[in-house]
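Visitor: Spelled out, the chains give:
2 protein chains.
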Amino acid sequence: MTNPTAAMLVIGDEILSGRTRDANMHYLAGQLTQAGIDLTEVRVVSDDAPAIIAAIKALSAAYTHVFTSGGIGPTHDDITADCVAAAFDAPIDVRADAAALLQAHYDSKGQEFNTARQRMARIPDGATLIENPVSIAPGFRMHNVHVMAGVPSIFQAMTASVLPTLTGGAPLLSRTLQVLRGEGDIAGPLGEFAQQHPDLSVGSYPFQTNGAYGANLVVRGKDAALLDAAMIELAQIFA
Amino acid sequence: MTNPTAAMLVIGDEILSGRTRDANMHYLAGQLTQAGIDLTEVRVVSDDAPAIIAAIKALSAAYTHVFTSGGIGPTHDDITADCVAAAFDAPIDVRADAAALLQAHYDSKGQEFNTARQRMARIPDGATLIENPVSIAPGFRMHNVHVMAGVPSIFQAMTASVLPTLTGGAPLLSRTLQVLRGEGDIAGPLGEFAQQHPDLSVGSYPFQTNGAYGANLVVRGKDAALLDAAMIELAQIFA
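Sequences listed follow chains A and B, in order. Residue 1 is where the first sequence starts when you use the numbering used here, and the numbers rise one by one after that. Residue 1001 is where the second sequence starts when you use the numbering used here, and the numbers rise one by one after that.
Calculated from the structure, these hints are not laboratory results. There may be inaccurate statements among the hints.
To be verified - Below, simulated SDA-like cross-link-like pairs (lysine to any residue); rule was C-alpha separation at most 20 Å, straight line:
{"#": "1", "chain 1": "B", "residue 1": "K1222", "chain 2": "A", "residue 2": "G18"}
{"#": "2", "chain 1": "B", "residue 1": "K1109", "chain 2": "A", "residue 2": "G211"}
{"#": "3", "chain 1": "A", "residue 1": "K109", "chain 2": "B", "residue 2": "G1214"}
{"#": "4", "chain 1": "B", "residue 1": "K1057", "chain 2": "A", "residue 2": "A54"}
{"#": "5", "chain 1": "B", "residue 1": "K1109", "chain 2": "A", "residue 2": "R181"}
{"#": "6", "chain 1": "A", "residue 1": "K222", "chain 2": "B", "residue 2": "P1091"}
{"#": "7", "chain 1": "A", "residue 1": "K57", "chain 2": "A", "residue 2": "D89"}
{"#": "8", "chain 1": "B", "residue 1": "K1109", "chain 2": "A", "residue 2": "P206"}
{"#": "9", "chain 1": "A", "residue 1": "K222", "chain 2": "B", "residue 2": "D1048"}
{"#": "10", "chain 1": "B", "residue 1": "K1057", "chain 2": "B", "residue 2": "P1091"}
{"#": "11", "chain 1": "A", "residue 1": "K109", "chain 2": "B", "residue 2": "G1110"}
Taking the hints into account, I'd like the entire structure generated from these sequences.
Guide: Next comes the structure, spelled out in structure tokens:
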């Protein structure tokens, strides 16, 4: 049985200009691997409506799930919700359920629920809200697209709300063997090993430490017993 | 005059599984911004030939330059060079110029230039080599696609070799104003400011520190005088 697949769409000029280093991709990748959902593609696009809409359409059609990060705040450059609505030809406006959450939140802080903040309650018709325990303004799920905030603490909280609702496959397990030889010395036997184990994914990640070459050989698979047996074999090859 | 555009393609299962956190995207983003080349899209795909070939074709057709990271080592999972050749229908084999570089390197170290290492000399016909001062095995440029290593130190050295050969536009300058108010309070006047300055890009990046909300307002443009005048105006709006 193959696992469900996923793609991620990171939205934001600040990532592409080098101003901000994205943290959400690495976080989501680890969470999805544990949940048995295969993250297969990531795209990063700028705050540009046609680019966002095209990416949502392409990824939504190709994968079981899509997760977006960024562009759902109150400022003029936050256009993700409107782009998701456009991608699915859905009407969008300030929605009562999201507005009620935010109204109560700002009332409790004695702050005005002004026009800018009402922007965060723009949710496409037919979408389900995703809880935001950090700053209340919700994300949402529209068809197979999960729209989440770019601020890492909120992204992580929303991921925690969403993942238990999804059906995962078998988590991908991994084992690592560190070999203190250059990749060029091990590539031949490693390639044969990979060919003999078509059910496992075999990767080699070279490093250099104190002038010595080495590689982490990482074997991934869904069956722990099979994986353990393969690692014993691999250790014997490079003993 | 608009700047040349660029896309990046990061290749590697280890990024998508969450095992490794990519460092090259953030590095390249900063370098391209300084060089006046607009990084417009990034994609991350796994070590899967059809996915790599499709991404190279799409990005090469859409942008002035494409930079790839990863998959050019000696092991069985290093398939980038063959995928680039396939994307451009170019023949590929061990090429004499690349093989000579590597042969001399391994001779000097008393190591064998074996079949696995010869894999790193597979270069498509018509490609130009990119120098690798760290570990010799070269990258290459094929049409508008620059194929570089995934190991960050080598990726950075190759970027340094490539960027001076490209024609950039005006570097994108940025100025930041930090405002200690929530985004919801500033979004209205900030949106008006953005509308009044169509030549500038205006972004708002919220943060929370010691329980207080704030935002970095980042204004980007190519004309320093225009940018400075706009920042004085912005400071007055939020004084």
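Visitor: Among all the numbered hints in the text so far, which are the ones the structure does not match?
Guide: Hint check: 6, 11 fail, others pass.
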